[in-house]
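These two chains come separately, so use the hints to put the complex back together.
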Amino acid sequence: MADSPIDKLANGQPAPILGPGHDYASVTDKISSIVLAHKTPRWWIFGFAISFAFVMLLMYAVTYLFAVGVGTWGVQVPVAWGFAIVNFVWWIGIGHAGTLISAILLLLRQQWRTSINRFAEAMTLFAVACAGLFPVLHLGRPWVAYWLFPYPDTMKMWPNFRSPLVWDAFAVSTYATVSLLFWFIGLLPDLATLRDRAKNKAAKIIYGFLAMGWRGSAVHWFRHETASLLLAGLATPLVLSVHTIVSFDFAFGIVPGWHSTIFPPYFVAGAIYAGFAMVLTLSIPVRKVFGLEDFITARHLDNMGKVMLATGLIVGYGYMMEAFTGYYSANQFEKYITLNRMNGHYAVVYWCLIACNIITPQFLWFRKIRANVAALFTIAMVVNVGMWLERFVIVVTSLARDFTPSAWGNYYPTRWDWAVLFGSIGLFVALIFLFIRFLPLISIFEMRSLVNEEGKRVPENPGVPDMSS
Amino acid sequence: MKSHSNYGLMAEFKTAEELIHAAQATTNAGYHRIDAFSPFPVEGLADAVGFHSTRLPLVVLLGGMFGGVFGFLLQYYAAAISYPLNVGGRPLNSWPAFIPITFELTILFAAGAAVFGMLIMNGLPTPYHPVFNVPRFALASRDRFFLCIKARDPQFDLVGTRKFLESLNPREVSDIDV
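Taken in order, these protein sequences are the chains called X and B. Heads up, the final residue of the first sequence is numbered 469 in our numbering, and it's a clean run with no missing numbers. Heads up, the final residue of the second sequence is numbered 1178 in our numbering, and it's a clean run with no missing numbers.
Hints are computed from structural coordinates only; laboratory data are not their basis. Hints are all accurate, no fakes.
Computed list of lysine to aspartate or glutamate pairs in EDC-like fashion (alpha-carbon distance at most 20 angstroms, straight line):
#1 X:Lys30 to X:Asp294
#2 B:Lys1163 to B:Asp1153
#3 B:Lys1163 to B:Glu1018
#4 B:Lys1163 to B:Asp1175
#5 B:Lys1014 to X:Glu453
#6 X:Lys199 to B:Asp1143
#7 B:Lys1150 to B:Asp1175
#8 B:Lys1163 to B:Asp1177
#9 B:Lys1014 to X:Asp29
#10 X:Lys199 to X:Asp29
#11 X:Lys335 to X:Asp402
#12 B:Lys1150 to B:Glu1166
#13 X:Lys30 to X:Glu293
#14 B:Lys1014 to X:Glu454
#15 X:Lys30 to B:Asp1143
#16 B:Lys1014 to X:Asp23
#17 X:Lys30 to X:Glu453
#18 B:Lys1014 to B:Glu1172
Computed spacing ranges between beta-carbons, pair by pair:
#19 X:Trp43 to B:Thr1027: 51 to 61 angstroms
#20 B:Thr1027 to X:Phe46: 52 to 62 angstroms
#21 B:Asn1133 to X:Gly21: 33 to 43 angstroms
#22 B:Met1065 to X:Thr404: 45 to 55 angstroms
#23 X:His345 to B:Met1065: 47 to 57 angstroms
#24 B:Thr1126 to X:Ser173: 29 to 39 angstroms
#25 B:Asn1133 to X:Phe438: 27 to 37 angstroms
#26 B:Arg1055 to X:Lys335: 56 to 66 angstroms
#27 X:Phe184 to B:Tyr1128: 14 to 24 angstroms
#28 X:Ser173 to B:Met1065: 14 to 24 angstroms
#29 X:Ile369 to B:Arg1033: 52 to 62 angstroms
Cβ atoms here follow ideal geometry from the backbone N, Cα and C, with glycine treated the same way.
Next comes chain B alone, as it looks inside the complex (with noise of 0.2 angstroms):
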């Protein structure tokens, strides 16, 4: 029975192991749409969700290549075809000297990329989202973590799902409103 007034179902754990142990059981129970939330990085929470790898490294990668590219060839442009002056006789593409600015911009560009990719793979910003219709959510920026099982999952049934959340010992389960 699906209900679409219904986000999902929140439960609430004291700690990040209990957080942990119930969002493997969730995802060996066949759940795939699942999130959780903690209030710092809990290390292999993510993996127990689901979610095993990040492609922001190749973004940043990407991010870095191109500043590099267009600082140099921003320079080379600058001295050797737009207003090529002749030094003494030295060579216009005086490469030595534009690695500093390159480098600088290699910098630049992977920065905004890491900074920039993690806020949009992330949604961010995100000015509404359902899970805070939950009144204690707001302590999932303090001391406690809670484990989400969206409506939209396929096997998500309002009362069969709920009695499994309870099953995995939490504090609370609760509906989250959309």
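Bound conformation, chain X alone (with noise of 0.2 angstroms):
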């Protein structure tokens, strides 16, 4: 093809955010057939099996640790946070990306977030119920969690508001509810497109069920959209005090490396960041499978690249800081602490952690390399991991080297965490494969929306190429 979108990208142009020859009809068909069709995909079986498998073995770990009791994990004073906190922190970063896309990029007019929002939309939720299992398995009693919340109970007791623990718990909640509001909202006029397309008598019924009778009346419309922009100008706040209370979880503890100033914004550009390599980690198969290439264009690819170089760039500055503000202190806990994470028993993980976030990313700042699918399909699995790592260093190495060298201890994993952070992996997957089959995987009256705009633009200025955007 001569006019890919690649070629254009190698001309110096931006290359298109909407394959060419797009009306109404065929974005709607388009879209809504992955949903409708009569048969499952071979490779949609075989995967979410897989998927399931892990969804099983979290199941069976679950049930085990409820049985035995967290001692079935490798925590221990004084390393009492393992894995499950490692977990929680890093699924909940990977949600941010989701609502940044669908909510700060709304607010700036981003018109090419339009094909991959509702899909990072998707993963935010599927993220933060992921996320939402680990403070609760990582109780000693799991069965009260529900005293996280303040309700009038026969002890005349409440929680501690003072506490992080309790403003996560608030923050986390809140988080997974307008999560799940903003994306039910932009599905409902999908909704009404699936309930009458659909050929199936059940899918009718319950795509006609949760569409709520949607008609596309211009007053609802209208009412809609006024929704939709309040609600995200109310995520971008929202999603930036999640990472922010996430981070006072560890920064208004007393313990080196942990009580810093800098975690909040640093959380925040981590989260971002993660989430965005997570989202290139799902969307470059997708599109593949699907051929949705003219939907999720090179263009795409390239913006997410770039974003995930500029957050990487923080995320870099903030272990910069990190090493800065253990030498400049001069407490010689903070620069024991420092030098500890580079040369002592948890070297290895964070010399990793260097080389997946800091060093790999480089790469991004060259175009050929944002525009080749494998390599970015590489970088994002590289930063992945390289978050998940960075994670581990900021709770286990704090607490394994805190301040008496006699309680000194390490942390070592038993399968039992690693059955449950691989379980939580399953769990994820196997949810984004039912809600690939199940829902519009983009949003389907917003890509008519951009046919509409595309259309007009073209006989005003003919040949000029779009920088608005």
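Laid out in structure tokens, this is it:
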């Protein structure tokens, strides 16, 4: 194809955000046909089966955990926050890119977000679902997890509202609720499309039920747009607050290596970095198997690569400042923990993290690499791993070497720790598989809007590349 | 002549621009009980059918304010009234520590007000609506644009209104059975 988006990219012109020759009907049919296809593709059954096997592993590990107790994990005093908190912070961070794409880029009128936003929002929901498991799992008595929330109880007690752990419970549950509402509001018109296009009686009834009788009235659209915009405005500070509060879990403690004011911005940047890596990890295979290259174009991948590079540099600055703070604090414990991370017991993990998160994304400076799908996918995978290692370094090294040498101790994960980690990845992937089979993975009505706007632009200034977005 | 078995008349158009022009012409002709349907939000269409502003932002503001006040009072009541705990003589109303939850509940209630306010104002869920009785209306969620003049408009007249809609150059005009 001489006129492929990548060729245009090489010419130095911005590639389009929508393939040529699409109209309202073609985008509608293309995206809804993925859901309404009568036959489930074989790769779907295969992939879902594998991820579902990991969900079963999670179930098994959690059942064993509840039956026997957290002693089955490697957590021990002084490292009482093992994989559970590492995984929690990792998953919640991954979720943040979805909200960034759906809310912040909406407010900034970045039209290229349209085709990836539904998908990224779903990723947010599923990542938050995985994250939400861990704080409950690592409780000694998980069956009383509801004590985190205030309710008039017979003990006449309240949660400690001055504790970041209680803030966390509020932040994460608010985030999950608002993400779900935002996602559902966006889905509503598309569910109506599926209802109108479904041939199967059961599908018609189920999508019809979920679409709530949406009929595309001008007045309804007006309120829908107002609500979406307001939600975007509300979700933007929310997403920043969530990871800020997650970082407070650490920064409010006096443990060396945690007690630092750089944590909130550094955690938020890390969250967006990890999240974009996950969006790339998921969207590259999806656009390939469904032939969605016209909708998720080379331009999208290029932009996501740029966002990763920018946030990766902020994260790199965070690491640098952490080390500098340790050196400049003139505090022997801060100094020690910084040096210990670099050449202590967990030095291998630290240097792997630097290689994954600081060195690898530097390749994204090159346009050729951002245009190379395989290279982008590899970099995204490396960053996914790197961000998990980052949380491991933060959680484990500080706890293992705090103030008194007699209280030092190392942490070694057991097979149950690994089972829960891989089980949660299985849960995430299984949910993604269900999502792409049963709901439109690209917002159909927003794509129709995009067709409308692209159609308007062409006659006005033919041949001029679109520089506005 | 008013017909009781008729919800109104529905005209189908091919493009968003045609629909806006038709809606404006209909409003200018003195019809007020009209509605337009499109597969995506069309700028200016709500204006053209005579709908200029929504109170939704006010509802969201009130929701957010309620959430913020409720969130703060909840913590104040718990920490200063119901279960006062003296931590080294620090003030019971330690308001800076109450900010994060106050903020989260502000957002939670404002977002809830936006979503449920939008649904309630739009009258959703609507289990039954006559417009779906027009067979081609299923295309309103794909690629076609519709304009409806309701029978309860005082100017509505089955013959005259049909003639008027046909003058707007639609693809076709159909009756909407109740």
